[in-house]
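K.L.:
Listed below, chain by chain, are the residues.
2 protein chains.
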Amino acid sequence: MKRSIICLIFLGCLLGNMAAESGYELWLRYRLVDDMSLLDNYRKLNAVCYFPKTTSEQASAAKAELFRGMEGLLGKLPAETSAPDGGTLWIGVSHVLFPSGDIPFGEKVRALNEEGYLIWSGRLNGKQRVVVTALTDRGLLYGVFHYLRLMQTRQSLDDLCVVENPKLKYRMLNHWDNLDGTVERGYAGYSLWNWERLPFYKETRYTDYARANASIGINGIVLNNVNAQAKSLRRDWLVKASGLADAFRPYGIRVYLTAKFSAPKELGGLDTANPKDSRVRAWWKEKVEEIYSIIPDFGGFLVKANSEGQPGPQDYGCTHADGANMLGEALEPYGGVVFWRAFVYQNERHVDRVVTGYNEFKPLDGQFRKNVFVQPKNGPIDFQPREPFHPLFGGMPRTPLALEFQITQENLGHAGHLVYLGTLYEETLQSDTYACGQGSTVSKVLQDYQRTHGISAIAGVPNVGTDLNWTGHLFGQANWYAFGRLAWNPDMCAMTIAEEWVRMTFSNTQEVLNPILKLMAMSRETYVNYTMPLGLNHIMNYATHNGPEPWHDDPVWTAFDYHKVTTDSIGVDRTDGGSGATGQYHTPVCDRFNSLRTCPESYLLWFHRLPWDYRLASGKTLWDELVSHYYKGVAEVGQMKNIWHSLEGKIDLERYNQVASLLEYQEREAMWWRDGCVLFFQQYSQRPLPEGCQPPAHDLKYYQSIPFPYDWKGYYD
Amino acid sequence: MKRSIICLIFLGCLLGNMAAESGYELWLRYRLVDDMSLLDNYRKLNAVCYFPKTTSEQASAAKAELFRGMEGLLGKLPAETSAPDGGTLWIGVSHVLFPSGDIPFGEKVRALNEEGYLIWSGRLNGKQRVVVTALTDRGLLYGVFHYLRLMQTRQSLDDLCVVENPKLKYRMLNHWDNLDGTVERGYAGYSLWNWERLPFYKETRYTDYARANASIGINGIVLNNVNAQAKSLRRDWLVKASGLADAFRPYGIRVYLTAKFSAPKELGGLDTANPKDSRVRAWWKEKVEEIYSIIPDFGGFLVKANSEGQPGPQDYGCTHADGANMLGEALEPYGGVVFWRAFVYQNERHVDRVVTGYNEFKPLDGQFRKNVFVQPKNGPIDFQPREPFHPLFGGMPRTPLALEFQITQENLGHAGHLVYLGTLYEETLQSDTYACGQGSTVSKVLQDYQRTHGISAIAGVPNVGTDLNWTGHLFGQANWYAFGRLAWNPDMCAMTIAEEWVRMTFSNTQEVLNPILKLMAMSRETYVNYTMPLGLNHIMNYATHNGPEPWHDDPVWTAFDYHKVTTDSIGVDRTDGGSGATGQYHTPVCDRFNSLRTCPESYLLWFHRLPWDYRLASGKTLWDELVSHYYKGVAEVGQMKNIWHSLEGKIDLERYNQVASLLEYQEREAMWWRDGCVLFFQQYSQRPLPEGCQPPAHDLKYYQSIPFPYDWKGYYD
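Chains as they are written, first to last, in my numbering: chain L, 33 to 749; chain R, 33 to 749.
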């Protein structure tokens, strides 16, 4: 009787868990292991924990996470012991666990760097044990998250010998959060930072955010927008920022700020921000000293200068290197670094945007101080659904580059479309630059800076906000996760990462795992198909960057610069005979893009301008192929819906419904993209739709007049 | 062995629950009943549930909540039966539960109105049973929440006979949410409405918000700000609003919108919004028809007209009644109502704001259509920490009035200060207007309209937003809860409500309950003491309405109109000899306020202008008394801190820390208020601080120059 009550309570608790799948827990969703034999095994190995006492915040965070994870995954807390011999699980830095230095796996430990860790299991001192160790508490923290992940993803804990060092040193999130709480290009609510109550009141979310980031190895967060306000450097704002630094420190995360280049004028009362002016240099040095007095482990600055209206050194006839080096000099005594963005876009017409970043920065190679990164975006335009890799990668051997990815889906359907970006990241990272012969992938280029310059970096613009599930779209969580995992190891396979995420977020059963992975694998190509196929780009809505607007045409920004559509042809000639963008790549990439014969069709209209009747590999004309891609994209969203529907009853109703309703939304927007673009281009091609393509429900005017926010009800009905 | 594992799992689940006290669950925090004998009893009575099948959304919501609650509180779901005889718990509308009409407690059932319910327990058909019944599914829903509350607060379920009907018909929340996602005077993040994704994507929070509101009887939500945008009435926005209506409907909540008076011009292309123009009247009728075609159970309009720059009927020489009646006429065929705000503030100098609302609306008494409410705020100025009741209550017998309270703490420390507003609400509601002799409390005035006009209403401006705990300050939840409970029954005791809330939110143990109740009971008077004691008002910061600014002085708004401080005196003469505000109240209230001898000291400077050496009941001079209040307020915050600290280890660490850190913050701001005000007034009184009052740490200039957001670090150290 009593026992059955307990059973019922147990069930109740499980059901209770089932009921609360809001997505808030992210992938740190420690649910009881449902495989009984595995559970028994995990419990045995985790029965008694030897975790030597420490006063370190980071070790305490590691321990708290370990116990939290165990409690959920194993349904019980391990016993604790202060005697090593009693422990089945040993966790601690190596010089405490093995004070004599005599370690059976000593060689492995010696291979660790300050953030690395070792997870080992086997017979030790006459007993079966698991050891999680590292040189530092930070490494230990990462090791604990990895150890929990092994159980979350139902791996065996027998005969482990996991040695992990991060392959890049600075693994950054660049928040585009404004100080008024809005987030530029954010689609998941508002900024997580509650500036009004900082530094005193630390929201629960700060810690949960730090936990999530530490679990994937993020170690730096830029708090505010690259379109900066000088006041973020004012003393009272620095004090507020110190509250976030305090919340993140136990999780190995440093805070960084953007630096508005004109701050010496706005805050310092100077009449110039000229980097060659000694008063300006002195102002920055004093400011940096002040920052470190308030935030002793401050990370450094991220700067957007002379781009989209931001002030910069060119205002004074100086170079980007002059500007960056001034800040680098101020930060150097404290170990801080500068991330200087290579995205320099001046809203000028008649200049091919694709070539400007390279042309601006390539000549400066070697002129930057050793604590300065130049930070290009992944591609040469601006976070389009598909871009070839930025030619600066492989083009600046003497300057450490940080690669900037966007996790927020500015041009990928905001938080309304299911698009797994892991595959996009992988596509860039595994692109071969041939900078030092075959195999010089973008990933290798980034990693090599560690050897040549002692520093290396990658940055992501996050997709998080105040939404209960953090990212608006539940699958946005996967993009955050994937970015972090690739920041740790840029050579990981995107679908391996996806599998980890699905296992931790949804289920380890094949009937859930396989369909979701299929969905994720196809999602990005699907998005490209219904928005900007065959290398088309930058034809999205001017204001929102969502929805089609190939017809946008004003003096500041015309989509016609990007598609150059006429009755004869479409696409931009960026070959040797055109703007010469292909020439910015090393041979043989250069030749491959330059020649119509070898240029991948996915970049066709990016590099080439072609007549409507040009024949593609399929044998179809360019027009027919273009239209087919648009229709294929919409059909694929239909397939994605079907795949998702197959999960009904296999996952919790709450998350099932969330995603199902967004897939409906996505399908409508996909049709809007398709019909708007096809009708627009048809005005020029003056060709019929290929056979089998059902004509759009409305005329072009209709699609051009859809207001924001869109009235979808009654549309396609 | 197995059994102990299960026990551990059980503990694990409990611990798991303990770990997640973010505050998101509000008072619907269904934790296992920890009193074993009570738990046994509850389980016995809830063992088998007879809940006749129904297709109603509201009954389904009731059932889902019942089962969710049981699962948490009792750790098990009840068995279900379709045979009444087998059920220990009967839940259903009365004509289904008792089709023959032969009910032992039939008289009680006949006393129910369409939202009322009966909870009865005893022997029925030969067995001990609990019955929850109502005339409608909506009543049933409210009954289920009440039934769960009985268990949440550990009441006996034996011999129950709870008969509840709401005492007011329209129990409204007035969201001041802008369409861009910001919230006017909101301090808990941003708007809950995700307009971009509506109507398709329904966030989890919509349902949880509806649940919380239904649990306290809220039945109407105005979605958008009284400072309105016409576009909320545009078709595409109405379609979006319908998504929220769909989400709220199962919980008995209707949606309302604000109506911008100039909408016929802005949306309809007319050249006027004159309520006497037939085209304008026709436009509103058509618009209302359109609204009901999209939202069939639309509630009606809330209007702010000719106030703070909003357009209104006076722009055309018409009266408020003319404007309101036009909208009332359009809504009448559909059963909709109009709430017409009596807060008419024109930023004029040399007019006493305290008398304007009454003077504007009193002459219109009896001129409004029967589906129009006039809606004054609780007091005649503007949601100050303490105001006497608005003289329109008791002053407009022929016009149904809705009372507007603020739940958001615009002038009560935002979400940074712990201030329980239940006592403020009670103070207003229990104020005796003497409109029909003694006992004509504001509460009775509101309720009487139900008898005289068939409608009655109350409204609250909520304090909710995207913050994980909904209200920013955890104790803000109590104010939302208290408003709802008082909307259902305006004669409830504020501290009874507080006890319910603490029991459901924190704990039923006396060692937790008593200190928290003590804290809540003292909190509002404490706030008054350190900000605006003795009837002072409207001396807060001009822009933020937080922090002191008695020195604010510009042509639009000068604090000097409100305190009129000079070297001789302070306060505003609003007696017969002054602006005559006292004369707007019925005898004897009028006389009590008018005479210095009887005017409560808490309203002293509200109604009277007095010399600095005026002697109060304490024997102290006005100056000394004023200063003592300020110092007392700060000392009381210290006491509140001590009380809270006594809870360490008795509640979860997460919520303990949240509140503890905000009390620190509150103490600093209390000192800022005290020191800023005392130094400012001292310039005029030119008197020393009373003995024992430590002088402020800085000079007045310092307090006057504190920027927003404030740099508190290094302050008072």
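Keep in mind the hints are simulated off the structure, nothing from the lab.
One should not assume that every hint holds.
Treat identical chains as interchangeable: a pair holds within one or across any two.
Claimed, not checked - Quick list of in silico lysine to aspartate or glutamate cross-link-like pairs, DMTMM-like style, CA-CA up to 25 Å:
1. LYS263 / GLU216
2. LYS234 / GLU57
3. LYS297 / GLU146
4. LYS234 / GLU216
5. LYS682 / GLU321
6. LYS733 / GLU298
7. LYS159 / ASP190
8. LYS682 / ASP66
9. LYS476 / GLU146
10. LYS596 / ASP309
11. LYS297 / GLU139
12. LYS673 / GLU228
13. LYS297 / ASP347
14. LYS550 / ASP645
15. LYS476 / ASP731
16. LYS733 / ASP268
17. LYS664 / ASP397
18. LYS652 / GLU680
19. LYS673 / GLU146
In this text the structure is predicted, and so the values were computed from the model without any measurement.
K.L.:
All the hints need checking, so say for each whether the structure fits it.
P.N.:
Quick rundown of the hints versus the structure:
{"no.": "1", "hint": "LYS263 / GLU216", "verdict": "both (17 Å within a copy, 24 Å between copies)"}
{"no.": "2", "hint": "LYS234 / GLU57", "verdict": "both (18 Å within a copy, 19 Å between copies)"}
{"no.": "3", "hint": "LYS297 / GLU146", "verdict": "neither (40 Å within a copy, 67 Å between copies)"}
{"no.": "4", "hint": "LYS234 / GLU216", "verdict": "both (23 Å within a copy, 23 Å between copies)"}
{"no.": "5", "hint": "LYS682 / GLU321", "verdict": "neither (56 Å within a copy, 43 Å between copies)"}
{"no.": "6", "hint": "LYS733 / GLU298", "verdict": "between (47 Å within a copy, 23 Å between copies)"}
{"no.": "7", "hint": "LYS159 / ASP190", "verdict": "within (13 Å within a copy, 58 Å between copies)"}
{"no.": "8", "hint": "LYS682 / ASP66", "verdict": "within (15 Å within a copy, 33 Å between copies)"}
{"no.": "9", "hint": "LYS476 / GLU146", "verdict": "within (21 Å within a copy, 71 Å between copies)"}
{"no.": "10", "hint": "LYS596 / ASP309", "verdict": "neither (45 Å within a copy, 52 Å between copies)"}
{"no.": "11", "hint": "LYS297 / GLU139", "verdict": "neither (54 Å within a copy, 80 Å between copies)"}
{"no.": "12", "hint": "LYS673 / GLU228", "verdict": "between (42 Å within a copy, 21 Å between copies)"}
{"no.": "13", "hint": "LYS297 / ASP347", "verdict": "within (13 Å within a copy, 47 Å between copies)"}
{"no.": "14", "hint": "LYS550 / ASP645", "verdict": "neither (34 Å within a copy, 82 Å between copies)"}
{"no.": "15", "hint": "LYS476 / ASP731", "verdict": "neither (49 Å within a copy, 61 Å between copies)"}
{"no.": "16", "hint": "LYS733 / ASP268", "verdict": "between (51 Å within a copy, 18 Å between copies)"}
{"no.": "17", "hint": "LYS664 / ASP397", "verdict": "neither (43 Å within a copy, 66 Å between copies)"}
{"no.": "18", "hint": "LYS652 / GLU680", "verdict": "neither (39 Å within a copy, 74 Å between copies)"}
{"no.": "19", "hint": "LYS673 / GLU146", "verdict": "neither (45 Å within a copy, 42 Å between copies)"}
Comparing the model with each numbered hint stated earlier shows that hints 3, 5, 10, 11, 14, 15, 17, 18, 19 do not hold.
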